[in-house]
Structures are given as C-alpha cells and as structure tokens.
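With chain G fixed as given, assemble chains D, C, R and X onto it according to the hints.
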Amino acid sequence: MDIATILGIIFGVIVIIGTIQYEGNIGLFINIPAFAIVFGGMTAATMIHFSMGQFLGIFSVIKKTLLHKAVPPQELIRRMVNYAAINRRDGALALEQEIPKIKDGFMIKGLQMLIDGQDVESIRELMEMEVQYLEERHSMGKKILDFMGSSCPSFAMVGTLIGLVSMLSKMESPDEVGRGMAVALVCTFWGALAANLIFLPLGGKLGQHSKTEKLSMEMITAGVCAIAKGESPTAVREKMQIFISAKRREEVKAQV
Amino acid sequence: MDIATILGIIFGVIVIIGTIQYEGNIGLFINIPAFAIVFGGMTAATMIHFSMGQFLGIFSVIKKTLLHKAVPPQELIRRMVNYAAINRRDGALALEQEIPKIKDGFMIKGLQMLIDGQDVESIRELMEMEVQYLEERHSMGKKILDFMGSSCPSFAMVGTLIGLVSMLSKMESPDEVGRGMAVALVCTFWGALAANLIFLPLGGKLGQHSKTEKLSMEMITAGVCAIAKGESPTAVREKMQIFISAKRREEVKAQV
Amino acid sequence: MDIATILGIIFGVIVIIGTIQYEGNIGLFINIPAFAIVFGGMTAATMIHFSMGQFLGIFSVIKKTLLHKAVPPQELIRRMVNYAAINRRDGALALEQEIPKIKDGFMIKGLQMLIDGQDVESIRELMEMEVQYLEERHSMGKKILDFMGSSCPSFAMVGTLIGLVSMLSKMESPDEVGRGMAVALVCTFWGALAANLIFLPLGGKLGQHSKTEKLSMEMITAGVCAIAKGESPTAVREKMQIFISAKRREEVKAQV
Amino acid sequence: MDIATILGIIFGVIVIIGTIQYEGNIGLFINIPAFAIVFGGMTAATMIHFSMGQFLGIFSVIKKTLLHKAVPPQELIRRMVNYAAINRRDGALALEQEIPKIKDGFMIKGLQMLIDGQDVESIRELMEMEVQYLEERHSMGKKILDFMGSSCPSFAMVGTLIGLVSMLSKMESPDEVGRGMAVALVCTFWGALAANLIFLPLGGKLGQHSKTEKLSMEMITAGVCAIAKGESPTAVREKMQIFISAKRREEVKAQV
Amino acid sequence: MDIATILGIIFGVIVIIGTIQYEGNIGLFINIPAFAIVFGGMTAATMIHFSMGQFLGIFSVIKKTLLHKAVPPQELIRRMVNYAAINRRDGALALEQEIPKIKDGFMIKGLQMLIDGQDVESIRELMEMEVQYLEERHSMGKKILDFMGSSCPSFAMVGTLIGLVSMLSKMESPDEVGRGMAVALVCTFWGALAANLIFLPLGGKLGQHSKTEKLSMEMITAGVCAIAKGESPTAVREKMQIFISAKRREEVKAQV
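As given, the protein sequences belong to chains G, D, C, R and X, one line each in that order.
Here the first sequence is numbered in my numbering, starting from 67 and rising by one per residue.
Here the second sequence is numbered in my numbering, starting from 67 and rising by one per residue.
Here the third sequence is numbered in my numbering, starting from 67 and rising by one per residue.
Here the fourth sequence is numbered in my numbering, starting from 67 and rising by one per residue.
Here the fifth sequence is numbered in my numbering, starting from 67 and rising by one per residue.
Hints may contain errors.
[Stated by the list, open to error] Derived Cβ-Cβ restraints for the label pairs, each shown as a range:
id, chain 1, residue 1, chain 2, residue 2, range
1, C, I168, R, K169, 42 to 48 Å
2, G, G183, D, M195, 38 to 44 Å
3, D, K236, R, M118, 54 to 60 Å
4, D, I174, G, D156, 52 to 58 Å
5, C, T300, D, G119, 26 to 32 Å
6, G, I98, D, K236, 44 to 50 Å
7, X, L73, D, K277, 26 to 32 Å
8, R, G119, G, R203, 45 to 51 Å
9, R, I76, G, G84, 53 to 59 Å
10, X, Q163, G, P166, 35 to 41 Å
11, G, N148, D, I174, 16 to 22 Å
12, D, G119, C, G119, 51 to 57 Å
Hints are computed from structural coordinates only; laboratory data are not their basis.
Every residue gets a Cβ at the ideal spot worked out from N, C-alpha and C, and that includes glycine.
For reference, chain G alone in the conformation it holds in the complex (with noise of 0.2 Å):
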C-alpha cells in the first residue's frame, strides 16, 4: 500500500474540511445538481473518449494505485543472487522449488522459462516484450486519469453556467444575485477540487509507479538472462547493481 498517497488524500480532505468549515458550513457545499453534472459530464466525456473496456478498467486502474507495492530492488537482487547460486549448486530445476514462494508473476514466467531450458535470447525477447506492453497498459490509465482531471474543471464550468444563467433570469432584484451565485460556484469548486487533489495527482503517481516497476522488471529480466548463461552470484549481483544508485548499492554488498 503505498502510504503517501493514502495520507495525502487523507490530509488534503482534512484541509479543506477544516477551512470550509471555519468558514462556512460544509452544508453549503453538498450540492446534488453540482455533484451529477461534474462527476456525470466527466463520465459521459470519458466514455466518449474512451472505450468501454477502457473505460471499466479505470477502477481496477485506481485500485493498484493506491495499493501498489513495490518490491524494493535490494531485495529483488537477494532474492536473484540465491537463484543464481541454487542454480550453479543443484542446476536449473532446484530452482523449482522455489516458484511456489514467489508472488511476482513476471518473475514467476522468468524462471519457468530458465527451467524449461529456453535459450537467453528468447527469454530475453519475450520478458522484454511484456514490459513494453505493461509500460503501455500503465500509459493509457496515465491518459485516461489525465483527460477525468482535464474533464472536471471543464464540466463544473458547464454547471455553474446552467446556475448563473438560471439565477439571473430569474432574480428580482440585485440583492439576490450574492446566494444565488454562491449556489453556481459550488460546482466550480468541486472541479477545481476534483481535479487538481484526486486525477491529476493519481494520474502523476500512475507514472511514477510505471517508472519504478519498469526498473524492477528490467532488473529481473537481466538477473534471469545471467542466470541462464550461468553466471556466478557474484556477476548476477553486479549486472543487477547497474540499476540502483551507489550509496543503495553498498547496502546490498552487506546484505548479502
């Protein structure tokens, strides 16, 4: 779970709670019209935009967001380097065993492979292709989450024009005008509060996250290949070390 996205969301809703109620009263700002035309315009857009399986997904897409753990890559070398030296001890089916004890999937279809006796360069290939394709699938959750917080402010402008221009039709005289307009800038701030705490954010950390599991899946594929060519613990360490910063690499060298 990642924690600084949870207790930011959680700060930033006790932020704005705490001033609106300073000064004002939240009443004033649960607003059903407001709520149906910034949360049901972004919707209709984003399914316009989008396709249906696309746009389904986008759940499951914010789900891993905030839930998404990172292995940290000190431990995916460990982890790689007792691959590595099972294998030169006992051969590649020892390593066997060890699938059963691994969560990661795309480690998983890197030693199944190595055990099977595919050659380096079509494991190489095929574990190269499927990070590609995870950086795509990541990118289109980025686009989709980018293009609700770009819908947001868009839609609570529509809304808080339906108010005004409804308002000011209507009003009798100017000493109206003050409660009316505070009833069409409801929805300005939810798009504005929508987008710039919940989409673009999410979109932000969405990229962040493709960064890093694209790191770990890089670092596992040349981990696996050097393993397959049969290198020592020794050098697996190293080839993997290439992709961490120096002062994490003196951490692993004790660890090990």
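Chains D, C, R and X alone, transformed into the frame defined by chain G:
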C-alpha cells in the same frame, strides 16, 4: 457500433438536461443567436483552416467514429490460421473461394496479392504503405475534430461579448444586468458543452480507433506475409500473437 | 483560388454581423481606438518579433494562401507520363518545346536540368534542396500568422484595460459602469474575432497548403528523376503513384 | 541596427499612448507601486531562476538584439571568393593583409587558422564548435526573455490582487469600487503590455537573429574549408550558395 | 552559495511587502485559512503525486539549490592538469596523497579507479552512468518543484471559491461583498506569489544547476580518462577545454 460513445453521449445529454430542468428551465438555453455564433463561427473557422474536401469529409469521419466496429484480434488470428492451413493443403489458389466471405477490404487486398503469386517483399511494402496512409487520414480527422473543439469556446466568447456589449449599452439601470447577462452567458454554455462533451472526446475516440485499426492491419500484414512464405498454421499464429497481450494469447490457443 | 477559405470568411462575417444586428447595433462595435490598439499593437509586436523583410512579406503570404491553386496529383502524373513518352521517342531535347506550356516554375527547372543533360543525382539533390527551402519559407509564414493570432487577444486585453481604467476612474455612480464597460469590451471582441476567425485558421490553411505543395514537388522530383534515368512511361507512372491513395490511383490508370 | 525592432517599439508606444490619451489621461497609468510590483517581482523571479552572470548578461543580450546588424549572405560570398582568388594566386600567407580589414571575429579566426596552415578537419571541427556554442548562448538569452515575458503578467496579477484586497477591505460603500478597481487594474495593464510588446517579441527576434547568424557562420565555415582545400573561387562560390535561395543566387552571380 | 537566488528572494519579499504596506496593511494578508488551503492542499497533492521518499527529499533538494556552489571550470582544469603531471612524474599511486584534499565525491571516485589501475573503458562507463543517474535525480527534483508551482494557484482558487461561497451565502446586503471578497482573494494572492516567486523560479534554477553540474562531471570524466591513458598535462588541458567557451579558454592558458 461503439457502445461507449453512444452511451456516453446519451448519459451526458441526460445529465445536462436534468440539471438544467432542476435549476431552471431548458427554454432559457434554447437561443438561436447563441447557436448561430457558436456553430456558425466554428464552421466558418474550420472551412478557412481546412480544404473543402477535408471539411465535407468530417461528417463521414464522425459517422465512422460512432459506427466503428473493430474485429477482435483473436478472430483475426483464427481466420489467418485457417487460410494458412488451406494454403498448405490446397495451395494459394484455393484461397480464392474464401475471399467473397471476407468483409475487410484490407484483408481481401492482402490475400488477392498472395493468390496472384506476388513475392513477400512487395506484398509487405504495399500493405505497410496502406497502413501509413490510413494513419494519416485518421490523424487528419482527429486534427479537424480537435480544431472544432478549440474553436467552439472561442466563438462562444465572441458571442457572449456581443451579447454583453449590446446589453450594457442599452440598459437603463443596474437591475437589468441580471437578465441580459443570462442571455449572454448562454453562448459560453454552448461553447463549453459542445467542446467538452462532443468534439474533444470524439477526437480522442478517433485516436483510439486509429490505434486499434493500425494494430489489426499490422497483424494481418504479419499473417499474410507468413502465409506467403508458406509457413505452418502454428507459425502464423505465433507471429500474429506477438501483437496481443499474454492473457488474451491463452484464449486463442484454446480456440484454434 | 481556394473556395473553402473565401466561403469560410464570407460565412463567418455574415454570422457575426447577423448576430450583432439581431442583438444590438453594429455601430456599437465600430470603435476607432479599439481597432488602433488591437491591430496597431499586433502590428508593432510583429515588427519587433520578425525582421522587416519577413513582416512586409506577410501580405504576399496571405494573398498566396487565399489564391493558392494546387494542381491535382493525377494531372501531374498525366503530364510527366507524357514527357516520359516524348523523352523515349524523341530524346530529351524534344522536351524543350513543352517548357513554354508549363506554368509551374519547379517543373520547368526540373525539365530544364533534364534537357541540359545533368546527371540524375545532381538533379535530385537540387530539387530536394528547393523543396526544403520552400518548406522553411512556408513554415515562417505560418509562424508569423500564428504569432499575430496569439498577439491580437493580448492587445485586446491591453485595450480593454485602458478602457476600464479610464472609465472607472472618472465615473460618478455605479449606473455608468454599464455603458463604459460596453466600450471597453469591444476591444476584447475584436481581438477574439481577429484571432479565431482570421489569423489562426489562415495559419492552419497555410500549413495544409505547405503539405500539399511539398507532396506535389516530391512527385515531380520522383518523375523527373525517373525520366532522367530513361525509364518507360509506365515505370514513371508507378513511381509517382506511390504518393497518392489507392482510390485515386485507379482514376489515374483510366486517364493514361 | 535592426529597423523593424526600433520602428515596432516606437509604433507600439505611439499607439498605446494615443489610445490612453484619447480615452482618458496618461497620468492614471503612471503608478509607482504598479511599476515596483511588475518589474521588481519579475526581476526577483529572474534572479532566482537564473545565475548572477546570466541575469546581468541580459542587458547586453537586449542591446545586441536591438543593434544587431547581419552581413548579407551575398556580401559574405563575395568576400570569401576574393580570399579564394588571393589564396590561389599568392598563397595563404597573402591573406594576412586582409585580416585587419575584417570586423567579424569568426571570419578572422577561420582565416587565421587557414594562414597558420592547420589542416581542414581541425579547422572545420573548431569552427563548428564555435557555432554550437553561439547557439547555446543565444538560446539562453531567448530563454531569459521568454521567462521575463511569462513572469510579468503573473506579478501584474499579484499586484492587482494586492490593490483589490486593500481597496475592498477599507471601502465604505460600493460607489468607491470603481476608483479603487481602476488603480488595481493598472498593474494588469503594465504586465500585459511589458510581456506582449517588449519581452515576448524581443525573445522571438533573438530567435530569428540566432538563425541568421548560425547560417552566416555555417557559410563562412564552408567557405574557409573550401579555401583551405585550395579550391577555385568558382567552387567556393558554389559551396556557399547552397545555403541561400535560388532567387538570391542569381544576384550573387551578377556581382562576382 | 548561490548569490542570485538569495538576493532574488530577499528583493522579491521587499518589493511585495513594500507594495502591500504602501497600499494597505500587511495584516490583511496574514490569513491562517488561506495558508492552510494553499500550502496544505499543495502538500497533499504533492504527496499523492510522488512517493514518500521523493516528497521528503524535496527539502534537501531546495537546500541544495540554495547552497549549491559550482567549482569554476578553470579550477577543474587546473587541478586535473596537476594530477596529470603527478601521474606522469611519479605514477598513478602518487595521486593517493591528493585524494584527501579533494571535496568533490565524483572526482575522488574517478581518481580512485585510476589509482586502482582499472582500464579506461570501465572508468568511462562507470563515470558516465553516475552522470546519467545525477541527471535523473535532478530532473525529479525539478519535476516536483514544477508540480508544486502549478498546484499552488489551483488550491488558491479552491480556497477563494470556499471563501466566496461562504461569504455570498450569508451576506445580508451587497455592501458586504467588498470585505468578504477581500478575504477570499487573499488565497489567490498567496497561490500566485508562492508559484511565481518561489516554486517555478526554484525549479528553473535547479535545471540550470543540473546543466552546470553535468558539464563539470563530463569535464572530470574527460580529464580522468585522459590521465588514465597516460596523456601529457597539455593534452589533458586541451581535452577539457573543449567544454568551455573560447573567451574563458585564454584565461586558463594564463593560469597553468
């Protein structure tokens, strides 16, 4: 027919009309000069920007975007594997009987060249040229829709300014501002709605269709070239499966 | 002459004048200081941004954009196929008699080099250099029009601010705001109209023309080089048809 | 001296002052706090963004942009053709006497290396490095001017907000809004004017100068290298003419 | 310490406070809910967008940006020339005594590899990898600052909307609008100020530092590799001088 597009438009219209009726009266928003300036101005600017042919072609582009029906990639693979089997068993000429059953013009062209006995390289070259041409035609459609989407709010502003200037210059007392402002803001409403509910999302959908269709055509190209080389149905399937995700690949295996 | 551009401008002007007359009075919008600040300011900024030569050249660029007449690609192919036939039958010198009938300077230059007996490589190099030079000249024209289009609304805002500050500082009561505001907003109106109806779409059209003209010149280059190599009319046609769509290709076959 | 820049600034100032005087009174716009916040804030942000050296260099960059005088390419070709003739007739050392007559430091450096008898490849490498360095220096100047242009309206908004908050919090009745608003909007006026009449167009001009100067230097490099290879004046002219348009090429032929 | 950054911030604060005091009263702008919503909202969005580690690292990034002290390139060249002389005279091991005097971790690492007798290619590869890693770390810092800069005005708008809605819904007469509006606009003020005086310029400065530091590291890499090849002090100087401008090069010649 693309369900998401149709559902999105219907849902969006319901949300907008519902909100308008809840807050006021839809009659307020039916305003001929507002329609004239937003859609007339946008049409004029689009004609100046693009050529007559491109401008008139926009309706068929929108129709195609709404009615577009992609053949699922597994279906494409299944067909091409069958053609490979026929080609192996009875020779390329036996494929002649299959052609009347195919609807996709691109697949027909590829198979026809195969039956005509053209060499693999010239088949690949011609088919890739078609893919590139389609991409350019689609990107032109997306460019027109995006221009329309950015033009609508601009002419909406022009319309609102005309309304404001007219209203302000003939009003007698500030009490009249409200009603006049309501009429002027209806232009801004239509500009924002047309851009964000119709033109920008349709442009985005066209971009999605373009990607899907390009992928299909690349898969067909890979398949036809493999058949032209006389490869086995299994080899044809493997070459086409490279383009789809691991999860879908398994489904295909089951079908063939 | 480009019909769409002319029709678009006429249609746009009718829509704008119609709406203005319906809502108020066109006299309100004829405002000398507004013209001075929007078009004067834009002219000044354009002079500062570009060189004197580029600035003065903008009128010929606009004129060309309005009067541009592209030769249809089928016509180009038909002519070059004829020249190939003449070249085969009577030799390159016989093409000399065709030159006075040609209007396109680029085609004349190409044929002249062919008649002069220059080798294929130097003909291709020189013609490609011309294409590149034309592209840069066109992209400069588009850059100037786009700068003008982004400059108009900025100076419109400057003008509206001048009007507002002057009006607000001398008004006696809030009842006068309306009339003064109307005058100030006329600037914003002209800036938005000039940018969105004239400069930005014209810049877009210039970009379209540039693409079309580049394609024509590339087709002529391909044709002249094929003739210079002494290829047959059929080979010349095939080399030039690569640049046009499959649908149009059939029409050409029928004509030749 | 660049006539268009000077004329543009003068014309722009006349248009602005004329409109102000026609609508009100220039005294309204002379407002010390507005100048302080727009130009002070912009200066502060520019110092934070760039280094001290880059910040102080901006005045010499602006001066150069105003006083920049490009040598026409035909003149460059004429000179280099003369040097080629001298080199052929009297040897490279005879060029020593020409150097005191040259003002352009880049041409002097090129000829000096030629006189020193350095080989063609090291001359070309050094001259190309200079071109690249100049480009980076110019692009830094453009970057600073563009940042200033985008910073001005932002601090203008900050200034207007300070004015509005102060005015609104101490006003007794809505009748005073007008006068206070006028003062606050003067900030926005100066920000929009400085950005759109001065900084953004000057940044654009610097970009144009950079292109022109780069072309000149590339022509000189081509010329010096051709002379260093001992090529004939005609060959030198042809190698340098590649960089200019066909129309100008004929003029050059007439002069030499 | 970067003088321009410090001076810019001090100067900017003086200008802002001076203008506020001249026009009103700084007390008006000290508003706890405004700070809460602008800086709290921005912090929440930044936590959602980036990971916990990246978020906490932003303070050390800002500190480094303020305190960053680049070693002048001439100084770098002088040192490396000395090391080259020592290497030639007494061998690589004699450089061991120089290392404690060096502060720059990157130069130490380079020399250490040289002393350890690693071959030129692996030294270059490792040093270039470090350069690339630093660039990515810096670009992440710039990305966070730019996101904070774009997030501030968005939450300022949210805060202003909260203030407006609360104020408008409880006001009794239009005379109260002024005071309430003043409070609401304070949010917009802080958002615009924080973005344009602090976050966006600091992000820009980080980009400048990154460029400078990358250049230094590339110069050190070139120098260490030249020393590792056993080249003469003169050759080392020439290889490193390629990275600096002609004007500075002469100064270096005088010093060595």
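Hints, one by one, checked against the model:
1. Look at I168(C) against K169(R): about 46 Å separates their beta carbons, and that is inside 42 to 48 Å.
2. Between G183(G) and M195(D) the beta carbon distance is about 42 Å. The supplied range of 38 to 44 Å therefore holds.
3. Between K236(D) and M118(R) the CB atoms are about 58 Å apart, so this pair conforms to the stated range of 54 to 60 Å.
4. About 56 Å separates the C-beta atoms of I174(D) and D156(G), a value consistent with the hinted range of 52 to 58 Å.
5. For T300(C) and G119(D), the Cβ-Cβ distance of about 29 Å falls inside the hinted range of 26 to 32 Å, so the restraint holds.
6. Against the hinted window of 44 to 50 Å, the Cβ-Cβ separation of I98(G) and K236(D) comes to about 38 Å, which falls outside the hint.
7. Taken as a hint, the range 26 to 32 Å is violated for the pair L73(X) and K277(D), whose Cβ atoms sit roughly 51 Å apart.
8. Checked against the given bound of 45 to 51 Å, the beta carbons of G119(R) and R203(G), roughly 47 Å apart, stay inside it.
9. With their beta carbons about 55 Å apart, I76(R) and G84(G) fall inside the hinted range of 53 to 59 Å.
10. For the pair Q163(X) and P166(G), the supplied restraint of 35 to 41 Å is violated, since their beta-carbon distance comes to about 56 Å.
11. Taking the beta carbon of each, N148(G) and I174(D) are about 56 Å apart, not inside 16 to 22 Å as hinted.
12. At roughly 34 Å, the beta-carbon separation of G119(D) and G119(C) lies outside the given 51 to 57 Å, and the hint is violated.
Taken one by one, the earlier hints fail for this structure at numbers 6, 7, 10, 11, 12, listed in ascending order.
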